[in-house]
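Student: Single-letter residue listing:
Protein chains: 2
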Amino acid sequence: MHVSDIARKSRQAALKLARLTGPVKDRALDAMAEALDAGLSAILEANARDMEAAVKEDLAGPLMARLALNENKLRGMAEGIRSVGRLPDPVGKMLKQTELDRGLILTQESCPIGVIGAIFESRPDAVPQIASLCLKSGNAAILKGGREAQHSNKTLVGLLTRAMASVPGVPPEAVQMIETRGEVAEMLKEEENIDLVVPRGSNAFVKYIQDNTRIPVLGHSEGICHGYIDAGADLERAVPVVLDSKLQYPAACNAMETLLVHEDIAPAALPRLMTEFRAQGVELVGCIKTCSLAPDMARAVEEDWDTEYNDLKLSVRVVADLREAVEFINAHGSGHTDTILTEDRARAERFQNEVDSASVLWNASTRFADGFRYGLGAEIGISTNKTHARGPVGLEGLVIYKYKLAGEGHTVAGYSGDGARRFTHRQLYPKPQVS
Amino acid sequence: MHVSDIARKSRQAALKLARLTGPVKDRALDAMAEALDAGLSAILEANARDMEAAVKEDLAGPLMARLALNENKLRGMAEGIRSVGRLPDPVGKMLKQTELDRGLILTQESCPIGVIGAIFESRPDAVPQIASLCLKSGNAAILKGGREAQHSNKTLVGLLTRAMASVPGVPPEAVQMIETRGEVAEMLKEEENIDLVVPRGSNAFVKYIQDNTRIPVLGHSEGICHGYIDAGADLERAVPVVLDSKLQYPAACNAMETLLVHEDIAPAALPRLMTEFRAQGVELVGCIKTCSLAPDMARAVEEDWDTEYNDLKLSVRVVADLREAVEFINAHGSGHTDTILTEDRARAERFQNEVDSASVLWNASTRFADGFRYGLGAEIGISTNKTHARGPVGLEGLVIYKYKLAGEGHTVAGYSGDGARRFTHRQLYPKPQVS
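Chains as they are written, first to last, in my numbering: chain A, -2 to 432; chain B, -2 to 432.
Quick caveat, the hints were computed from the structure, so don't treat them as lab data.
Possibly wrong hints are sitting among the right ones.
Which copy is meant is left open, so a pair is good if it fits within one copy or across any two.
Unchecked claim - Straight-line Cα separation of at most 25 Å, DSS-like style, residue types lysine-lysine; simulated pairs: (1) K93 - K428; (2) K70 - K151; (3) K93 - K151; (4) K204 - K6; (5) K310 - K70; (6) K53 - K151; (7) K428 - K286; (8) K93 - K204; (9) K428 - K151; (10) K186 - K53; (11) K186 - K310; (12) K310 - K90; (13) K53 - K90; (14) K286 - K310; (15) K186 - K6; (16) K186 - K13; (17) K204 - K186.
In this text the structure is predicted, and so the values were computed from the model without any measurement.
Build the full structure now, drawing on both the sequences and the hints.
Tutor: Here it is as structure tokens:
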């Protein structure tokens, strides 16, 4: 089928999905979870074919690990779908209600976006995750997974769509799949029928997508996250947070890449931290002041300050004050996640106000910046956009709103000229706070 | 100055603007309004030069009318700035607060987007309007107006920026201007330092912008708005609304372009409506059924159903039922504004749920879909996007949010393994509703 036909069918499906009630969507999610449990052997068989091809093609170790499925992972996927089912319905929520005039009531209500194009890499877990999030939020999805996972993905999509379509009202085209890069290029031209593209992959990949489409992109550039140890830090508290930020999962986008240290506390903090980091095998590079306090350390080069290592490497810099820390982060960070370590509330607040990042933390590890930990229930991704949705994005990033206006034959002409009516603009919901 | 330097200065200004308190921003807005009042003669002089050039270049009448300023219009602009000042500060509002664990509190808070690039046409009124909305929301703005209005715009920007910068803390680069098309092309490449582009202009112009930038675009495609007279309509109430939707200001994007009529009510409704519309000089084209009921009417051609006339012309179609009306609107509308005329609440609700447009109205004129009438206080534009902001967009479309997390030395490692801590994920704000 041609991609434009797929997109058109998705649009049709989206209009049907938008009308589904919460309970119907949750029944479909239940059916999807059951289908995964029941289809275990079929999925593992398909995955074995992908693994075989991957071995032949000498796929890198970490990619192999992401590609490989087993019973445990599949049970986890099914549980993931069920947990999406337990979340509150994000659609049809009243966001605001205003009386414009007597008998003329405006309601702003959440509704699905429409059609989501999701492009991801080797991990087949993305299929049930994105499919369930899109269904729950009433959106149709067009999925494009990695070529390495094609058999696994196809089997998963087949099982999931059959299961959801077994629930009356749910269209089987709610989730569709495309397979080739050529189809991705075509998909990016379907701005009439696709409303949002969610790419998961490298920074360069996200940029490529943004360069080649008019469709809005919910993207994620790199995660260059900072820790800043303020002069007012309590090192007993700060050191474990800084270590956790780097070490708890160094390959994650919310892991710390650069550590800034106030010059007043650097002599006490740096030697201790350097010892701890080295004991964990972390390669360290530092600014000239850092190196003078830790003489056996390598000098950082300019590009270190703009690099996401995603690895056991850390760049360290001594700063003169909070202001320099904030300016450095706003210049070199990626607007993802940064944390201040201090016991001084006023400085913490200044840092949290002035650092222009999606998540700005105080005495907490950068690794907390994640949909599950934030209590969003499920995560479609982490966004470094400045519009629509920012930071860890859950279901609320997959809905938008519509305005419903109910009148009694009101005309606009009635509000001009002699004896004109006047707007009351009285906010009904949320109840205005009495001050 | 090079556009990349302008954009960099805007980013710096944006970081300062984000820190301003509401009262400081409102003082700057007051100063801007006063500067317009005080600069009246300078502005009118600059405008006279633009008008002179426009006469020489034989600019079309409606463009001339938009370009021309007078004392009244300038007083109106100043009043517009003051009214933006009276709106509540959209920045720093708590949107949500969650306890993740004891002593680990997550707050989602509104904040400015950053740098807005606004591109508009001949109307110089856009300068104070966009400048005041951006300042109020803590964003820096880069403005590009029409060439025809260059002297007026330059004078306005000069006065406004001097006035705002007279308030301590407000950077003069909060509003900057570029002048040539070449600079627009450069601006569209500044995705590092510009966060949102707001083009106001034709559909083709907005598409051109979307095609040539990675920056998110708050765009407005055409407004193909529908009225649907349901079988359950009371014609005494419906006819005035339908007339208002077409006639109150036919050149507006929220004016009705296509009228759908349920076949059961068509014999009663059509002759009456056709007489009224013709008396107002509206050219009518209809489907075959419409023409059989109003034999002297011209037949619509296929492209009529997808055309925004913006003029005294209307296409009329008879439909078999509500479902056909909804499907027709979803296929041919532009997702802008559509209205149903009926006394049947259930059908109205179905229409409002199923029509996928930013504003879906019931017994009210399409002309109500507007920021001022919706009570938004001021309007940056009407968006036909499906993400970020939809429909009439006020200040809330110029803010996004950040997450602030405050802990007491919490690490993520503490939540795994034996004796691990567990997240509480207790919603603190808004207070969860007891059901």
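Student: Please sort K93 with K204 into within, between, both or neither, judging by C-alpha distance up to 25 Å.
Tutor: neither (35 Å within a copy, 31 Å between copies)
Student: If the cutoff is 25 Å on CA atoms, where do K53 and K90 land: within, between, both or neither? Let me know, please.
Tutor: neither (51 Å within a copy, 55 Å between copies)
Student: My question is about K310 and K90: at a cut-off of 25 Å on alpha-carbon distance, are they close within one copy, between copies, both, or neither?
Tutor: neither (45 Å within a copy, 38 Å between copies)
Student: Using 25 Å as the alpha-carbon threshold, which applies to K93 and K151: within, between, both, or neither?
Tutor: neither (42 Å within a copy, 39 Å between copies)
Student: With identical chains treated as interchangeable, where does the CA-CA distance between K53 and K151 reach 25 Å or less: within a copy, between copies, both, or neither?
Tutor: within (20 Å within a copy, 66 Å between copies)
Student: Measure nothing new, just compare the shortest in-copy and cross-copy C-alpha distances for K186 and K310 to 25 Å and report within, between, both or neither.
Tutor: neither (40 Å within a copy, 32 Å between copies)
Student: Checking K204 and K186: alpha-carbon separation at most 25 Å within a copy, between copies, both or neither?
Tutor: Classified as both: same-chain Cα gap 16 Å, cross-chain 12 Å, threshold 25 Å.
Student: What label fits K186 with K6 when the C-alpha limit is 25 Å: within, between, both, or neither?
Tutor: within (15 Å within a copy, 34 Å between copies)
Student: How would you classify K286 and K310 at a CA-CA limit of 25 Å: within, between, both, or neither?
Tutor: Within one copy, since 18 Å is at most 25 Å while 74 Å is not.
Student: If the cutoff is 25 Å on CA atoms, where do K70 and K151 land: within, between, both or neither? Let me know, please.
Tutor: within (17 Å within a copy, 62 Å between copies)
Student: Classify it for me, K186 with K13: is the Cα-Cα distance of at most 25 Å met within a copy, between copies, both or neither?
Tutor: within (23 Å within a copy, 38 Å between copies)
Student: At most 25 Å between C-alpha atoms: does K428 with K286 qualify within a copy, between copies, both, or neither?
Tutor: The answer is neither: 55 Å in one copy and 49 Å across copies each exceed 25 Å.
The structure fails to meet hints 3, 5, 7, 8, 9, 10, 11, 12 and 13 from the earlier list, while all remaining hints are met.
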